[in-house]
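Just so you know, the protein sequences line up as chains S and P, in that order. Under my numbering, the first residue of the first sequence is numbered 18, with each subsequent residue one higher. Under my numbering, the first residue of the second sequence is numbered 18, with each subsequent residue one higher.
Read the hints as simulated data drawn from the structure, not as lab findings. Possibly wrong hints are sitting among the right ones.
If several chains are the same, the list does not tell them apart, and a pair holds so long as it fits within one copy or across any two.
Claimed, not checked - 20 Å max Cα-Cα, derived SDA-like pairs, lysine to any residue:
#1 K58 / E130
#2 K211 / A285
#3 K134 / E62
#4 K58 / R184
#5 K239 / A279
#6 K134 / D117
#7 K134 / G26
There are 2 protein chains.
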Amino acid sequence: MRVLAFLDGTLADPDAAHIRVDDLGLLRGDGVFETILVADKNPRELRPHLDRLARSAAMLELPAPDLEGFERAARKVIDSWIGGRELALKLVYTRGIDGDPAGVPTAFAMGLEIDEKVQRARTEGVAAVLLERGFGPDVAERAPWLLLGAKTVSYAVNMAALREAGRRGAQDVIFTAADGSVLEGPTSTVVVAKGRTLYTPPSTIGILPGTTQYALFRGAEKAGWTIKVEPIPAAELTTADAVILASSVRLVTRVHTLDGVALPDSAALHRELVAAYESEY
Amino acid sequence: MRVLAFLDGTLADPDAAHIRVDDLGLLRGDGVFETILVADKNPRELRPHLDRLARSAAMLELPAPDLEGFERAARKVIDSWIGGRELALKLVYTRGIDGDPAGVPTAFAMGLEIDEKVQRARTEGVAAVLLERGFGPDVAERAPWLLLGAKTVSYAVNMAALREAGRRGAQDVIFTAADGSVLEGPTSTVVVAKGRTLYTPPSTIGILPGTTQYALFRGAEKAGWTIKVEPIPAAELTTADAVILASSVRLVTRVHTLDGVALPDSAALHRELVAAYESEY
């Protein structure tokens with residue numbers, strides 16, 4: 018099932034057309050989005066997601082989004098949901114109609130079912146491949162027009178990278194920078210465990226600040242872990258105690274295989290990190 | 018005015034909604050497009066544009082587009098156009114609805130008016146700025162998942178670069194690779210004139226093969242120019258006899274100012290190149 022709501026809190030039929038062909042979100046990928054896990058009617062990290070939506074919008078010089086309206090639409094979707102106990106809640110915000118002098122953005126919230134692949138990834142983990150992202154780690158701050166770190170709907174490359182992973186017999190991707198350091202997944206943040214320390218790369222290298230990674234770090238810190246935000250050379254992934262992909266819907270997913278090679282067994286560590294993350298809710 | 022047609026040749030109201038909120042073109046920028054100039058009912062370089070649409074679709078592993086259907090829709094738009102003698106014809110092709118097991122793409126053709134900025138650019142030229150694109154020139158062939166050279170609707174970066182140009186008092190951008198070589202404009206191909214030779218960078222460095230650049234080279238070759246496809250160091254732009262941005266709608270536009278510095282006067286050369294291009298129609 019799908020549930021659709023607009024920012025005034027009205028529901029609409031998700032199987033009907035609501036978008037014009039000249040919406041710049043469609044013609045130019047000119048918009049931003051967030052995906053939020055809702056579990057038992059509770060949208061996880063709603064405020065950080067709304068804040069990130071606003072930050073992404075600012076990077077694209079979109080009008081500041083009506084966050085109250087997005088929250089209203091989100092609540093309407095959640096209240097109307099009669100599917101399973103979890104749903105994926107998407108918030109979408111585009112520049113609106115090409116040439117519209119009023120510049121009215123397109124904005125909606127949509128609830129979607131979570132497919133079974135997600136459940137499998139959460140429990141069994143995933144095989145991932147390393148793929149070059151092409152950029153150096155220093156370009157993001159120098160070249161803000163590259164929108165690195167903005168969650169735009171221009172996700173064609175992320176989708177192509179996931180197809181490439183599939184061709185290589187894997188389910189996910191870890192992007193690397195031109196210097197061989199770890200960036201992020203196409204839809205996730207990379208976290209590495211070594212001893213009792215969790216590492217994630219700094220968002221200044223051109224990656225999205227992760228809401229789920231942040232929640233995991235909060236929970237892990239309370240559980241006695243040390244957390245460090247610093248560059249991670251890709252070569253260190255193979256010797257880490259655990260390689261984790263943190264994302265809003267798949268949550269804390271462990272990578273069991275990298276480029277076809279089995280990583281050290283991190284199943285026990287993964288259970289511990291999932292518990293630390295879940296302790297936040 | 019706007020005119021909208023679908024691939025079965027039916028017209029539809031462009032001011033009405035025709036796209037669902039869960040279209041992957043909207044949610045993920047997961048689609049491809051072409052923009053074609055129509056002058057006096059004649060779509061310029063229609064076949065090369067259709068071929069490029071098919072090539073872009075293949076790079077995204079979309080189903081092969083129904084080119085006959087696109088041609089039918091294009092003809093319908095053109096035949097129904099009652100605006101000025103020129104229009105911009107957009108062909109759009111997305112992966113369709115998220116989760117649709119049938120995987121039916123979204124496809125349409127749309128005619129749009131050409132705004133007066135385009136006319137001004139054609140006659141007066143533009144000021145441009147050099148902006149880093151972040152990539153090295155060797156990454157495209159190594160990393161096809163980056164979709165360099167595919168004309169996707171994931172154009173948020175191209176749009177952001179044009180806004181950056183505006184902030185710097187310019188109207189257009191020339192992207193440079195990590196090694197300082199010339200790539201392309203956000204919506205154009207770069208052509209440089211030196212003596213009686215025209216240069217453009219090879220598409221293997223991760224740029225779109227230009228339909229208008231190709232037509233210009235055809236016409237220029239007949240007019241006695243030598244044409245060369247080879248890397249162009251950005252530093253050579255300031256000493257060239259003319260720097261041209263070739264694009265389907267703005268056609269052959271000269272750059273008169275680069276990074277705030279006036280380039281050598283190329284007005285006469287520009288007239289000659291426009292004539293060579295126009296001789297193809």
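For each hint, the structure was consulted:
1. K58 / E130: within (13 Å within a copy, 47 Å between copies)
2. K211 / A285: within (14 Å within a copy, 66 Å between copies)
3. K134 / E62: neither (23 Å within a copy, 44 Å between copies)
4. K58 / R184: Neither. Shortest intra-copy (37 Å) and inter-copy (44 Å) distances fail the 20 Å Cα cut-off.
5. K239 / A279: Result: close neither inside a copy nor across copies, 30 Å intra and 60 Å inter.
6. K134 / D117: The answer is between: 16 Å across copies meets 20 Å, while 40 Å in one copy does not.
7. K134 / G26: neither (31 Å within a copy, 39 Å between copies)
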